Each structure stands twice: as C-alpha cells, then as structure tokens.
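S.K.: Put chain B on the given structure of chain A with help from the hints.
Chains as they are written, first to last, in our numbering: chain A, 1 to 402; chain B, 1 to 234.
Keep in mind the hints are simulated off the structure, nothing from the lab.
The model shown is predicted, which means the values in this text are computed figures rather than measured ones.
Each residue gets a CB set at the ideal place from its N, CA and C atoms; glycine is no exception.
Take these hints with a grain of salt, some might be off.
[To be verified] Which residues of chain B face chain A? A partial, calculated answer using Cβ under 10 Å:
(1) 57
(2) 98
(3) 112
(4) 157
(5) 168
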Amino acid sequence: MNLTDQLRFNWRVFGGQRVRTLLLLLAVAIGVASVVLLTSLGEGARRYIDREFSSLGNRLLIVFPGRNETVGGHPPLFGAAPRDLTLEDALALGRVPSISGVAPILPGTAQVALGSRSREVIVLGTSREFFPVRQMSAAAGSVLPSAAVEHSLAVCVLGHKLKQELFGNRRAVGEWLRIGDRRMRVIGVLADSGESMGMDMGDIAIIPVTTARQLFNTQALFRVILELREGADEDLARARIRQVIRDRHDGEDDITIVSQDSLLAAFNSILTTLTLVIGAIAAISLLVAGILIMNLSLISVSQRRGEIGLLKAIGASGRDVRTLFLGESLLLVALGSMVGVAFAYGVVFALRALWPEFPLFPPHWAGAAAAITALASGLVFSWLPARRAAALDPVLAMRGSV
Amino acid sequence: MALIELRGLNKTYTMGGQPLRALRDLALDIHGGDYISVMGPSGSGKSTLLNMLGLLDRPDSGSYRLDGRATEALDEEGRAALRRDNIGFIFQVFHLVTRLTDVENVELPMMLAGTPLAVRRRTAREVLATVGLAERSGHRPSQLSGGQLQRVAIARAIVMKPKILLADEPTGNLDQASGLDIVEVVENLNREGITLVVVTHDAALGRRARRRIRMVDGAVVADDSSPPAEGAPP
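Bound-form chain A, shown alone (with noise of 0.2 Å):
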C-alpha cells in the first residue's frame, strides 16, 4: 500500500470519527502550543536581559572588593569584604596600560533640595568615565569634570526626571542646590536614556566620587567598572588587575571581576537551562495527550474489529494493520502540531503587539522540537493498540462485529 493511499484512508477515518477526531487534535494542540508558548516566555527573558546588557556598551570588567572562593558562585553584589576597595586603588587600576577608562562607584541615598521642594534620592559619585561608559551624555550643560576624582568639587549632574521634579521647565544648569549637608552647583542634566539594569537613570544625582566620599563619610567603593582598551588581551588585563591589587592589598587579590561577557553568558545559560526546564515541563502535557491517544486508540480498535479482520482477509498482513494505525495517529498528532504551534505564534504576534517592552519569542527550536516530542509520543502511546490491530485473529475479529 503506498504513502497517499494510506493518508488517504486515514482520512476517512477521522472523516468517520469527528469527535474523537476533534478531542485528540485539541489535545495535541494544547501541548504542542503550550510548550511552544512557555518556551516563548524564557526566550523571551534571556532576551530581555540582553538587551539590557547590551545598554551597558562593550568590553567593561566590573571589579568587586571582596572575593568568591567558590567557583561558579555569584559575585558578592552586595557582600562584605575584610578590605575596601579604595578610589587609590581605582585609580592604580587606570594606569593599567590595557584599560582606558575607570569609573570608580560609590552609591548612597540623601536629600535633594531646591528651596522647598525637596527629594530623597540615589547620589552616585564617580568620574567623568563612567558616562561613556554607561552610554549616558548630557542634554544640558556638561558632565562631571576630569578633576572629579582628584578634587572635591561642588558640583552635580541631575537626572531629567529629577530636574523636572526640583526646577520645572526652568534652567537647572547653574542653579545651586543642596545635596545632604553640602550646597552644589548644577553643572549638567542627563538625556533620557530611560531605565538600564533596572535602575531609573533620571532619578538620580551624579556627583564627584571624591565628594561622595566626604557626603557619604566612606573610603569603600561599591564598585569599579573598568572600560578594556581596543584590541586589549582580557585575561592580561584581568592577571594585571589582580597584580595591583594584590601589590596594594598586602598581598592579597581580594577582589571578584566579572566581565560584561562572562556576566551575560552566566545569565544565557541561566535562562536558557530556564526555558528548556518550562519547556520539559509544558511536554508533560504532551504526554497526557499521549495517553488520551493510546485510550481513544484501544477504543477505535476495539470499535474496528471487524474493519480489521475484513482487512486481513482481502490481504493485509499484520504490518500493513499497524502502518496503518500507526499513521493514523502520526497523522493526527501532525495535524495538531501544526494547529498548536500556528496557535501559539498567533498568542505570541498578539502579545507581543499589545506588549512591546517584553520580546516574547518562540525559541527557534521550540516548534520543532514540541512537534518532534508530539510525535515521538503519539508514536509510542499508539504502538500498543497498533500492534494490537495488527494481531487480531482475523476470524474471531469477523465474527465479533455480528
């Protein structure tokens, strides 16, 4: 019997059997789109994180005070080290012959205020680095000076949407205002660059680190994130960074560096290992309608016994039975891939329409492999009442339809 025959013929079955038809096409299609779907939403994150990562700008060492004994282990984002990481130490790193630019980071909260009004707020103090770094420019005035790490200065640069909340409409850049017990000059105001890793960038006060240092009554750096020179050699970069800190640190490199790279290739893998366990787990339903095939399988042979039997005695052998059942099913679970995967990249254009900030996307794979996962299922759960088709007595198979 050839292949369209056999499609053939399976299509009138399902042609005779409508409802069992429907029931198993919406289960397959359940699961396949199901998987399909959530798979979409762990794509979806890991794309999510990219992007933000991306906004970071290219080849950047972050160096944390402290360290990670164990391998794999998250850096300390917010650990206790024995030692400070010091803005002498910063600046050691600056004259690494491989690194361009350093952008030491001292974050704390304190007052902002503008006669009345008055706002609590992130004040980071840093250096004039860390804006090309964090590909932030100013729409008015100018960012901090290169002096900033050297000297105190009284100066400030405001997010626009704390501009606006403190001056209005009115011109901020060199207006004076106080941050915590100190009066500043506004030297600039930051372009819109909206939020990156989460953090608002327009609500908050960039000052020198040097400053902060005296506002915040602190040595420790949070952290110090390092811009590589073109073409620079990353592990040479990183061995030498260790060995200054190490030369200052009594002997100890008592730092954790990450890379952007080795950051976003933590988190890939992460939400990759993430979206295949969803998408092992929406499987779970393809294997529910696996066993729903297998139950409305045994019924259908049990119905066609004596379809069977007439089949064997116009010279079909046990094989030819099977193929067929077997077809059968992979027909079926064909067709419900198809609906279930054309459904699911339905939901994702929708969603993703009505929800552009969050880039729902369906894994390359993931259609492929909840259709391949489908069929393997529907080919094992169909095995058992093919074979028991294909061994029915031909005799008795006519005689039970009396």
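M.R.: Same frame as chain A, but now just chain B:
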C-alpha cells in the same frame, strides 16, 4: 494437479477450557472451476475449513498446497499476499467499511496491493457493472439494500481476479429473492471459471453445487459429485 490439496489437516481450538477438534485428519482436493458446497451441523468444522482454505487460519498439522505451492512455510506477509491475489471472500454480514463508498470498498484489495488510483477506480467500476451495480456507484453502504451490499462485497472479492471465491453463508442475511440473485451472480462467476466454495446451512443452496460435501465433527462424511437428484430445485 488439483488447485487445492489438503492432506491430514488437524485443528484444535480451546473453548471454555475444553479442547474442540474442529478438523480431524481432513483430506480434500479441489480442482480449478469446481463448485462446491460444504454443509453440516454447527460446530462441524465448516467455517474452520473455509478459514483454512482462505489462509486466515493455520492448521496445527497437515499440509495445504495451493496451486502447487506449500503454504505452511509462508510467513504472515507471504500468506497475506497469496490471499490477496488468489482468494476472494464473501461473508454473511457483508463486512463493508461503512465510511467508504461502494467503489472505495471494492477498491480496497487493490489499494492494499498498491494499484494506482486511476486503474483502481476504473477496474472497480467495471467489476461493479459485472455484478449489476453500475448505476449505484458512489453510494455509501447505508444507502444500499442488503442484496446490493452483498453485490458490492462480491465485487470486492473478485476485483483481484482470484482463482477461488469462498462464501460463508452468502445468503444468510438476505430475503429469498435477493438471496437467489446473489447465488446467480456467484454461479455466473463460477461458469466463467472461478472456483467457488460455499459454506451454508441452507439445504436448497447446498444442493445447487455440483459437488456437495458434508462435514461432521471436523471430518468429511460425504462427498457427492453426482448430478442433483430429481425434483431438487434448480
């Protein structure tokens, strides 16, 4: 040489824990073009014999040569192919596939044999015409009468041009007039050369055959090839 040679055929079924000897040392020769009726009480082994002849069942022991070929050695595939090409079945309850049209039902054996659709369709229509159903083609079984259903079944049985036509109570589900029609259709086929074996309870139908076999307890007790007795219905 006989078309069919059965030698020492034995078959035992287990029914309700009791062994039941359906065939005992059965020997039978059937020649090409024969018209044979097999009669006997229920449980005498008539249907078992028919299934053996149709290669639907395997004997426990004994030999079955079909057209000179030993069938015992064949595997399932080989038996299915032999059955498809040499043997046509008609049954008491027709066994048509209800979701297919009459033409499609007739095509089924050719479909299993891999015949192209166009050839199948043409042949099926021709065969339906020879059983007197030319004008009904394209109908579902539910739209046909019992006699017409059995004609479709006969068309299906002969579409592969088999040498042997096996009929199991072919008129059992039909009224007398349609039954007679059907008998005439198969007898015509026999006149054209097909070997016809009819298993029946119906004495009138059985008497029509040129060779009348009577079975009791799995063995042939009478094998009468004399012309039908005087006064028997034609």
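S.K.: All the hints need checking, so say for each whether the structure fits it.
M.R.: Hints, verified against the model:
no., hint, in the structure
1, 57, "holds, 6 Å"
2, 98, "holds, 7 Å"
3, 112, "holds, 5 Å"
4, 157, "holds, 8 Å"
5, 168, "holds, 9 Å"
The structure fails none of the hints (numbered hints given earlier).
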